[in-house]
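Asks: Put chain Z on the given structure of chain X with help from the hints.
Order-wise, the sequence lines are chains X and Z. Per the working numbering: the first sequence ends with 1739, consecutive numbering throughout. Per the working numbering: the second sequence ends with 300, consecutive numbering throughout.
Hints are supplied without guarantee of correctness; some may be wrong.
What the hints assert, rightly or not - Derived DEER-like restraints, expressed as beta-carbon distance ranges:
1. Z:L89 with X:A1625: 34 to 40 Å
2. Z:V113 with X:S1627: 39 to 45 Å
3. X:L1525 with Z:L221: 46 to 52 Å
As the list claims (entries may be wrong) - Here are the simulated DSSO-like pairs of lysine-lysine, each with C-alpha atoms no more than 27 Å apart in a straight line:
4. Z:K103 with X:K1462
5. X:K1725 with Z:K103
6. Z:K68 with Z:K56
7. X:K1462 with Z:K204
8. Z:K56 with X:K1594
9. X:K1725 with Z:K217
10. X:K1522 with X:K1500
11. Z:K103 with Z:K217
12. X:K1563 with X:K1647
13. X:K1725 with Z:K112
14. X:K1500 with Z:K151
15. Z:K103 with Z:K204
16. Z:K104 with X:K1461
17. X:K1462 with Z:K112
18. Z:K104 with Z:K217
19. Z:K217 with Z:K204
Hints in this document: simulated from the structure, not taken from any laboratory. Quantities reported herein were computed from a predicted structural model and do not represent experimental measurements. Note that beta-carbon positions come from the ideal geometry of N, C-alpha and C, so glycine has one too.
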Amino acid sequence: MSDHPKKFALTIISTILITLLAFLFLFPLVWMIASSLKPEAEIYKNMDSFRAFLPSFNIDQWGDAYKNLLSRFTVLTYILNSLFYGLSVTAGSILVNSLAGYGFSKFKFKGQKFIFGLLIAMLVIPGETIIIQKFQIVKALGILNTPWAVIFPSLAAPFYIYMFKNFFDAISNDVVESAEMEGAGSFMIYWKIMLPMAKPAIATVGTLSFIGSWNDYIWPLMVLTDSSKFPLQVAITNINNTVPVYMNQVMAILTISTLPLIIVYLFFQKYLVQGLGVSGTGEK
Amino acid sequence: MNNSLAKRNNQGWLFIFPALLLLTLFLFIPAILSIYYSLTNYYMLAPQARKFIGLLNYVNLLKDPIFWTSVKNIGQFVLLVMPLQVGTALGLALIVRKKRPWNTFFKVAFFAPVVVSLAVTSVLWLYILNPEQGILNSMLLKIGIKAQPFLTSPRQAMFAIIGLSAWQGVGYQMLIFLAGLQNIPNELYEAARIDGANKWESFRHITLAMLKPTSLMILTTTFIDAFKLIIQPMGMTQGGPLNSTITPVYYIYRTGFTDRQLGYASAMSVIYGLAIIIFTIIQRRITGAGGSQNV
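With the rest of the complex left out, here is chain X (with noise of 0.2 Å):
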């Protein structure tokens, strides 16, 4: 066939483009990690060559920029936090929606259309624009500047119970009366039964808060006051502005705080695109 050796070049030529293009996507990322790996005249010097992509060649010097940095701030403090305040965030919200979800699945009560219908509607309401007046009731409710202020506003929302609700309808009520003529409560049979089978949902639910508030940058910098209560995406800013500034320092916190997603990523992908409906794209 004529046809072979134009596809064999076409192949080629694909594939350099997008080795290319893999290399404009990956450069800020591998430069981020190799200019925390080395001393920092050296950042500088290898800025114009193909250096600038690798560790220091001199395998000692790769801790310094990091044990510099622990030395100077409380990094393990901030990631303490971070986790702090994400898993307790992942925990909570798991526990408030599966809770709201299942109530709105399987109990028939007064008001529970209207209550519904209200909280589909509360879905369209743009949180990013309302960050000022929910810090007044932060700051009514006197928690200020206190780990509550980071980790209750995050636990409710609309579209997890949504989820948990749509799950718990699959399930079929006889699995509920059946518990029930065991004499079982009403918290038992939620607890002990339906939410064990709901796991496909709290994995999407639990995956999506953890890095929700992992990312979570403006409304920590609003409410926390204390540099010792930060998470590790403010403390960022306050590293990187804190003289003087040492490059290779400030690309070892950005990998520190990166690396856990990473594995975040990695290990809870599937339940991620579960979730991407409303999540979104990344722009906030």
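Replies: Positioned in the frame of chain X, the structure of chain Z alone reads:
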């Protein structure tokens, strides 16, 4: 109807109560407050002087040149980032879908920026785009292009923010497009080939046609999300130079939180929030029930 069902009636309230309380406190009341505050001259440092001033904030808002600049800026951002990001995402999905060695590597490469938070993105690109010591200008100089004032020029700053926002978000949409592509049955392509369709025809009539719901969903969610832009201009340019990157959400934040003009900021929240709500409702109409049909 048996007894237990009747008993279960009121217990339902107990289950929805925690969520209802939190949503009321942190979503419903703030939304109501923004309407109420917007009709007052509330200044955060002088709460006792708060009084009703009718629609004065709204009148002032219409005459506020910074507000209109922010609206113009976000319009520019939305109109450019949408085709750039969604088009690139579709292109990448089509490339990555094909069987070729290293395919997984490419998929990971294009997805990698998604893992980076916007706070990290902002600081990282601040160093990449630095006019004097940034790596991008160093590399441009090397190939003979003179250094560019990416973030310090009013003409370039928004384009820089558009570029890095697309870089950060595009991999996620690629993944959604890939999921959509996987749902197209192979038989359709085979049938088209038997019917004598060429590559372009089968792309147009099968791939694009079958991707329509996915594309619509991605387009509309990107559109609405783009209106909420704040972290990149806040972290990189503080809305400058010359207000060229200030966005409405960032202007609301600055007026309400930094300048403490709560009444005025609330009027802005109401107007801009309403605009987003209208777009969201239109989006729901276009794509059916809204994002949730994909779950």
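Asks: Next, verify each hint and record whether it holds.
Replies: Each hint tested on the structure:
For L89 (chain Z) and A1625 (chain X), the hinted distance range of 34 to 40 Å is satisfied, since their beta carbons lie about 39 Å from each other. Restraint check, V113 (chain Z) to S1627 (chain X): a C-beta distance of roughly 41 Å satisfies the suggested window 39 to 45 Å. In this structure the hint that L1525 (chain X) and L221 (chain Z) lie 46 to 52 Å apart at CB holds, the actual value being about 48 Å. At most 27 Å may separate the alpha-carbon atoms for a hinted pair to count; K103 (chain Z) and K1462 (chain X) meet this at roughly 14 Å.
With a C-alpha separation of about 21 Å, the suggested pairing of K1725 (chain X) with K103 (chain Z) holds against the 27 Å cut-off. At most 27 Å may separate the alpha-carbon atoms for a hinted pair to count; K68 (chain Z) and K56 (chain Z) meet this at roughly 22 Å. The suggested pairing of K1462 (chain X) with K204 (chain Z) holds, with an alpha-carbon distance near 14 Å, which does not exceed 27 Å. Taking the CA atoms of K56 (chain Z) and K1594 (chain X), the gap is about 20 Å. The hint holds against a cut of 27 Å.
Between K1725 (chain X) and K217 (chain Z) the CA atoms are separated by roughly 22 Å; this keeps the pair inside 27 Å, and the hint holds. Taking the CA atoms of K1522 (chain X) and K1500 (chain X), the gap is near 22 Å; set against the 27 Å cutoff, the hint holds. Only pairs whose Cα atoms come within 27 Å are accepted, and K103 (chain Z) paired with K217 (chain Z) is accepted, the gap being roughly 20 Å. Restraint check for K1563 (chain X) and K1647 (chain X): satisfied, since their Cα atoms lie roughly 21 Å apart, inside the 27 Å limit.
Taking the CA atoms of K1725 (chain X) and K112 (chain Z), the gap is near 15 Å; set against the 27 Å cutoff, the hint holds. Between K1500 (chain X) and K151 (chain Z), the direct Cα distance comes to roughly 19 Å. Compliance with the 27 Å bound is thereby established for this hinted pair. Between K103 (chain Z) and K204 (chain Z) the alpha-carbon distance is near 14 Å, which keeps this suggested pair within the 27 Å criterion. Taking the CA atoms of K104 (chain Z) and K1461 (chain X), the gap is near 18 Å; set against the 27 Å cutoff, the hint holds.
Between K1462 (chain X) and K112 (chain Z) the CA atoms are separated by roughly 23 Å; this keeps the pair inside 27 Å, and the hint holds. For a cut-off of 27 Å, the pair hint linking K104 (chain Z) to K217 (chain Z) stands: about 23 Å separates their Cα positions. A distance of roughly 18 Å separates the Cα atoms of K217 (chain Z) and K204 (chain Z); the hinted pair therefore holds under the 27 Å criterion.
In terms of the numbered hints stated before, the structure departs from none.
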